[in-house]
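**Student:** For reference, the chains in residue letters:
There are 2 protein chains.
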Amino acid sequence: MKHKPTDYDNTFSIDNVIFGFDEGSLKVLLIERAEEAFIGKMALPGNLVRHDENLDLGASRILYELTGLKDAHLEQLYTFGDINRHPLGRVITVAYYSLIRIKKYKLQPKISFAKRAAWIPVAEIPQLAFDHNVIVEKALDRLRGKLRYKPIGFELLSEKFSLSQLQDLYESILLIAIDKRNFRKKILSYDFLIALNEKQKDVSHRAAKLYRFDKKRYELLDKKGINFEL
Amino acid sequence: MKHKPTDYDNTFSIDNVIFGFDEGSLKVLLIERAEEAFIGKMALPGNLVRHDENLDLGASRILYELTGLKDAHLEQLYTFGDINRHPLGRVITVAYYSLIRIKKYKLQPKISFAKRAAWIPVAEIPQLAFDHNVIVEKALDRLRGKLRYKPIGFELLSEKFSLSQLQDLYESILLIAIDKRNFRKKILSYDFLIALNEKQKDVSHRAAKLYRFDKKRYELLDKKGINFEL
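Chains as they are written, first to last, in my numbering: chain B, 902 to 1131; chain X, 902 to 1131.
Keep in mind the hints are simulated off the structure, nothing from the lab.
Check before you lean on any hint, since a few could be wrong.
[Claimed, not checked] Okay, derived cross-link-like pairs now, DSS-like style, lysine-lysine, Cα gap no bigger than 27 Å in a straight line:
1. B:1087 - X:971
2. X:1125 - B:1087
3. X:971 - B:1051
4. B:1039 - B:1110
5. B:1102 - B:1124
6. B:1100 - B:1124
7. B:1051 - X:1116
8. X:1125 - X:971
9. B:1124 - X:1039
10. X:1086 - X:971
11. B:1117 - X:1086
12. X:1051 - B:1116
13. B:971 - B:1087
14. X:1100 - B:1051
[As the list claims (entries may be wrong)] In silico contact screen, one side only, chain B against chain X (beta carbon under 10 Å); selected entries:
15. 938
16. 950
17. 956
18. 957
19. 965
20. 966
21. 974
22. 977
23. 980
24. 981
25. 990
26. 991
27. 995
28. 1049
29. 1090
By construction, the Cβ of each residue, glycine as well, lies at the ideal position given by its N, Cα and C atoms.
Only chain B is shown next, with the shape it has when bound in the complex:
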């Protein structure tokens, strides 16, 4: 069908908020925009949605083209449509977000307006293009809220981790101090962490026992109605 412009037309984009965790801090994946209008500005990896493309697929395509990331599990976050959010006219954007293991991926933008992609610590995010700081804040809210009642933190960690690393992740994302003994007792009580016959390597402190998260076991427990809560 040929598209006839109307008063109700709007341009439509997708922006991706990708969180990772590295060196003890939560990071977000940003691109540097190459166009003159945004010179030197960083932004979320986002672009316009095609007429013939579903939103979820559009989110994956756009993320891949701008950062090289494939197969991230993207979840819809929120839709932002303030009339003045884009300097070039009305653009409504659907934000998606994902938690990934930074080390699993190599950053490699495929299209020209992404000069480079980089992981930036959340605490050091500069003024971004458009309303992207607002979008990151919304994603952080969602992440922090969800962390407390879903064991999603594991998606950010290596497959094998120590309980200290896990506690460190919760503390630095939630910006709280957690009592070590209570944390260990609580997290182990849920019975979805598997203790491995392995210890940390190449660490300067005493090597700690490693664990892995058993997702299947968690899903079983979740169905039975355990309520994870931190």
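With chain B's structure known, arrange chain X on it following the hints.
**Tutor:** Okay, now just chain X, sitting in the frame of chain B:
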């Protein structure tokens, strides 16, 4: 700015899922569409978004025009953009939802394509226009999930209610049976229900004590970190 059509243009709408609770059952507000293409079909109260209108305001305007409802607290639910979801071309829709007290409002559509508006029990929702059944399902999922960890059920009840009415609401929305004694003990333990010096009137059974929900008290408790959970 004059709008120049591009390959990335999409038409953009908002659909509202309004839940109410009445006569012991959860209901959703639907309109009958008057246009020939949808003859006799019911749909969510939804319409196109204007170029010069923010999404939240658009949601309120559309709800008012199609049903007469004003001042409902609308929250964004999810954005649906499957390429084939609308028979007339690509229309991406942002769904909003709200919980309201049915008796507070009078239904009175203002614009012609809404032939009438009506409260339909969720269990009796017919095949709706577009993908509106999918949207209602998503809203139900959100409502059921949220009911378990936020005391939002009160938004659907009259200001004064008996504990049986409250239990009834939880049971019929969550489709579960709840033990009466445990329910009462648990819900009263949170300390956000105020017992009134009043009893039900005009009931055939023994008149029960009435309560009201103290939202301010709940918000204080929530800040202190009580975790409501049913």
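**Student:** Take the hints in turn and mark each one as holding or not.
**Tutor:** Each hint, compared with the structure:
1. B:1087 - X:971: 46 Å, violated
2. X:1125 - B:1087: 20 Å, holds
3. X:971 - B:1051: 36 Å, violated
4. B:1039 - B:1110: With Cα atoms ~35 Å apart, residue 1039 (chain B) and residue 1110 (chain B) exceed 27 Å; violated.
5. B:1102 - B:1124: Violated, at about 36 Å.
6. B:1100 - B:1124: Not OK: residue 1100 (chain B) and residue 1124 (chain B) at ~32 Å, beyond 27 Å, violated.
7. B:1051 - X:1116: Cα-Cα ~26 Å, so holds.
8. X:1125 - X:971: 33 Å, violated
9. B:1124 - X:1039: Given that 27 Å is the threshold and the Cα spacing comes to 19 Å, the pair holds.
10. X:1086 - X:971: Violated, because 37 Å separates the two Cα atoms, which is more than 27 Å.
11. B:1117 - X:1086: 34 Å, violated
12. X:1051 - B:1116: Status holds; Cα separation ~26 Å.
13. B:971 - B:1087: Given pair residue 971 (chain B), residue 1087 (chain B) is violated - Cα atoms ~35 Å apart, limit 27 Å.
14. X:1100 - B:1051: At roughly 41 Å apart (the allowed maximum being 27 Å), residue 1051 (chain B) and residue 1100 (chain X) break the hint.
15. 938: At 15 Å from the nearest chain X Cβ, residue 938 (chain B) fails the 10 Å test, so the hint is violated.
16. 950: Hint on residue 950 (chain B): holds, closest Cβ of chain X at ~7 Å, below 10 Å.
17. 956: 4 Å, holds
18. 957: 9 Å, holds
19. 965: Where the cut-off is 10 Å and the nearest Cβ of chain X is about 18 Å from residue 965 (chain B), the hint is violated.
20. 966: 14 Å, violated
21. 974: 17 Å, violated
22. 977: 6 Å, holds
23. 980: 5 Å, holds
24. 981: Holds: closest Cβ of chain X sits about 8 Å from residue 981 (chain B), inside 10 Å.
25. 990: Interface hint status for residue 990 (chain B): holds (5 Å vs cutoff 10 Å).
26. 991: Holds: closest Cβ of chain X sits about 6 Å from residue 991 (chain B), inside 10 Å.
27. 995: 5 Å, holds
28. 1049: 9 Å, holds
29. 1090: 16 Å, violated
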